[in-house]
Amino acid sequence: MLDVKAGDDASFDLLLQKYRTPLVNFLYRMVRDTATAEDLAQEVFLRVYRARKQYSPSAKFTTWLFRIATNLALNSMRDNRHHQKDVSIDAPTSPDEDAAPMQLPAPEMRIDEHMIERDRAEFIRGVIAALPEKQRVAVLLHKYEEMDYGEIARILDCSESALKSLLFRAYETLRVQLAPLVSASARRAGKEAQHEM
Amino acid sequence: MKCEDVSKELIPYLDRRASSADRHEVEEHLAACADCRTRAEELRTLWSVLDEVPIVEPSLGFDARMRARIAEEPQARWYRWFVPQPRLAMAMALLLAVSVWITRLPQDNSGLAGTAQNEQQQFQVIKNLDVLENYDVLSKFDALDEVPADEQATPADQPNDQQKQQDDGT
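Each protein sequence line maps, in turn, to chains A and B. For what it's worth, this note's numbering labels the leading residue of the first sequence as 1, then goes sequentially. For what it's worth, this note's numbering labels the leading residue of the second sequence as 1, then goes sequentially.
Hints are not guaranteed to be accurate.
[As the list claims (entries may be wrong)] Covered, in the sense of this in silico footprint (three residues per stretch, anywhere, with C-beta under 8 Å from a C-beta of chain A), are these stretches of chain B:
1. 8 to 18
2. 31 to 43
3. 49 to 60
[Stated by the list, open to error] Within a straight-line C-alpha distance of at most 27 Å, the following computed DSSO-like cross-link-like pairs (lysine-lysine) qualify:
4. Lys2/B - Lys164/A
5. Lys134/A - Lys8/B
6. Lys18/A - Lys53/A
7. Lys164/A - Lys8/B
8. Lys60/A - Lys8/B
Bear in mind the hints are in silico, worked out from the structure with no lab data behind them. Where a beta carbon is used, it is the ideal one built from N, C-alpha and C, also for glycine.
I would like the entire structure built from these sequences, with the hints used as guidance.
What follows is the structure, encoded as structure tokens:
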């Protein structure tokens, strides 16, 4: 980022290649719409580019990047919520109905298996999306971006202690909501362990 | 450690980021509490369930669109420093207009003349101050003794010629 600050455009390309996939995934899990997620990711990179001269290396670059992304995603979701209230008659019944990204099935997987897997993934995404905003951001940054507690706390503007409580509440909600998948997964793991023995 | 206390440290324990002291306390509690042990196992399984969500790849045109947007951004040039900014130019023009308006205002000198007159009167008083402060001059000032006693009692603003007529009449 310091090279980008010095005016090196090639370094900005490196940043783009390194962070575009995690950023698009984070935003997609937040807003559940691929087009919106990509637009927001572009807006994040654009803001980083515009503010490159003011960047100070006092905080980690990822903290800065995901803080911008979190704010943009939350604003977009709030705007969209108001918008959906106005046009609810023609809106799709599920927000991900038209917006789910195309995922090619693995070659060795049958089409029915792929559909089951896709439904499972959508179900899990839906349960995560139903979490309160702050809990959702905390889970996504903790589980999928594997950020440390200090970094997530700075992004969410809270203490580490408050973050630990927030994460526990979020994971408890997910454990209850995803209980059928959790017990099925536990049974499957138990059987596999028995086979190995 | 109670179940409520463990709840805060359970996630750092499961993701192996807890300190050794906290980890030891949580392990002690889990060994004694079946409910928390079950919960911890289920949370571990939950994490493997969450891993089933596939990664989404950005669309093929993502980088090209991004580069196009970056190219549209105004570039900083060295000569931009010399180009006057619109806000600065506006502020300078306003400042100039106000200063011209102030210099063209009609000046009122009557107040100044009055002030000069007052200063002259004050100077006269100050000039005579040493006479008033001189006790010898005041003690030998016997002009008032020549005035009759009843006349001294009359108000100071009564005209002197009227008093003379009254004296002649008596």
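How the hints compare with the structure:
1. 8 to 18: Since 7 is at least three, the answer is holds.
2. 31 to 43: Coverage by chain A holds here, the residue count being 4 at a Cβ distance below 8 Å.
3. 49 to 60: holds (count 10)
4. Lys2/B - Lys164/A: 16 Å, holds
5. Lys134/A - Lys8/B: 17 Å, holds
6. Lys18/A - Lys53/A: Holds, because 20 Å separates the two Cα atoms, which is no more than 27 Å.
7. Lys164/A - Lys8/B: The hint holds at about 6 Å.
8. Lys60/A - Lys8/B: Between lysine 60/A and lysine 8/B the Cα gap is close to 26 Å, so the pair holds against 27 Å.
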